[in-house]
Amino acid sequence: MSHANEHQAADHAPANPAVKTLPGKALNQAHDPWPLWEVFVRHRQGLEHKHCGSLHAADAQQALNMARDVYTRRQEGVSIWIVPSHAITASTAEHSDAFFDPMADKIYRHPSFYRLPEAVDHM
Amino acid sequence: MYTQAIDIDPQLVVQQAAKQHVGNLHAPQEALLARFDQRIANDEKIEAQDWMPSAYRKTLLRQISQHAHSEVVGMLPEGNWITRAPSLRRKAILLAKVQDEAGHGLYLYSAAETLGSSRADMLDALLEGRAKYSSIFNYPTLSWADVGCIGWLVDGAAIMNQVPLCRCSYGPYARAMIRICKEESFHQRQGFELMLALCQGTEAQQQMAQEAFNRWWWPVLMMFGPPDADSVHSAQTMQWGIKRISNDDLRQQFLDATVPQAQLLGLVVPDPALRFDEASGHWQSGPIHWEEFWRVVQGDGPCNRERLNTRRMAHEQGAWVREAAQAYANKKAKQPVQALG
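Chains as they are written, first to last, in my numbering: chain F, 819 to 941; chain U, 16 to 356.
Treat the hints with caution; some may be incorrect.
Unchecked claim - Only some residues are given here: those of chain U computed to face chain F with a beta carbon under 7 Å:
1) Asp65
2) Gly118
3) Ala329
4) His330
5) Gln332
6) Gly333
7) Val336
8) Gln341
To be verified - Chain F residues, not near chain U, derived (Cβ > 12 Å throughout):
9) Arg860
10) Arg862
11) Leu865
12) Glu866
13) Val888
14) Tyr889
15) Ser897
16) Ala908
17) Ser909
Think of the hints as simulated: they come from the structure by calculation, not from any bench.
Built from N, CA and C at the ideal position, the CB exists for glycine as well.
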């Protein structure tokens with residue numbers, strides 16, 4: 819599958835030695851040996867891949883096949899990316915205020931900050 | 016839809032763990048709760064990594080996992096008819112529908128997993144009989160018309176229940192429901208079309224349709240759950256924005272939508288007390304026998320045991336497939352990586 823080759827890296831991503839779980843949550847790895855994968859689908863040529871869900875699969879190829887069966891049964895996609903869930907690093911919700919705060923007072927990044935004469939205001 | 020296994024900054028985990036040991040848990044806990052309540056009041060979504068009260072988490076986990084189990088067990092009554100569908104067209108439709116239900120189960124297990132329970136644990140709970148699923152699937156599909164009734168009535172009732180869930184306060188659940196509702200509408204339409212074909216058919220086919228309708232009518236009305244006055248969890252789940260419309264209101268919506276559909280099919284609603292109330296503009300049903308509902312919920316329905324046994328058998332007989340896939344993945348992982356291009 820050409821899609822698979824395009825994103826071969828996911829197949830061989832080094833296994834995360836310690837799959838971290840969020841505080842207070844247990845992941846029963848012993849019971850469910852199939853790791854979790856995140857699925858990204860490109861809906862049409864020219865659009866970006868968008869996250870659309872996750873699934874368990876033994877390996878990336880099986881995850882691709884399952885993602886095809888689950889998320890594109892009605893021609894919703896022309897390309898699929900599969901990413902091991904543990905490979906995603908996320909910002910934390912608890913600290914999001916502080917994390918994103920420095921952007922609030924930088925209003926000069928927006929075009930509306932600049933007052934121009936009416937004759938050129940369409941700029 | 017999102018995962019609990021995503022990597023978060025390990026330093027933050029250490030900091031948070033340290034904070035919890037310092038004591039004075041109450042002040043930050045109260046602040047978190049206030050913020051959660053404010054979000055709910057503002058109709059903002061709660062996401063997987065956001066702080067949430069443990070009761071909210073527990074309630075959602077129970078509801079979403081039960082919902083997932085219902086999708087999975089829901090495949091069984093219809094699956095019985097795949098080999099006996101009366102035409103290739105009907106067989107293809109039924110296969111597609113049952114496949115959709117499997118997908119819906121997967122979306123919902125994924126949503127439930129974001130709350131910190133593993134899919135394997137949830138499946139264990141189902142197979143060991145510790146978890147509940149919708150009682151409606153403990154009724155049998157005796158004739159082909161029952162397959163039509165499931166699509167038209169059971170899926171129709173499910174859609175009515177699920178549309179408001181698309182606005183549920185928990186983001187992953189709401190997103191799963193949006194996807195499910197999009198796929199579900201064909202389920203109801205194919206069921207009605209199936210019933211229409213029977214009702215326009217021979218006398219025997221019409222009779223088959225009426226008998227199936229008689230069997231499903233009352234259990235379907237019970238699908239919306241006990242009356243509001245007796246509904247234990249309703250007030251809290253409505254306050255949390257998990258549930259948006261009460262059991263009785265949903266049941267009324269269903270009644271008003273479905274009675275005219277039955278009339279169009281030429282079917283008689285098996286309720287002698289059913290009447291149209293001119294003043295309110297609503298259909299009113301006779302009393303619902305809730306003893307039957309509770310009996311089936313407690314495990315004493317026509318097919319409770321059969322459904323679970325079938326599910327267990329499928330799980331056990333499918334073990335070799337899961338093992339083979341794992342063995343193949345292990346073998347491939349050991350092979351040297353081929354140089355690209």
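* Taking the numbered hints from earlier one at a time, note which ones the structure violates and give those numbers from smallest to largest. => The structure conflicts with hints 3, 4, 5, 6, 7, 13, 14, 16 and 17, although it agrees with all the remaining ones.
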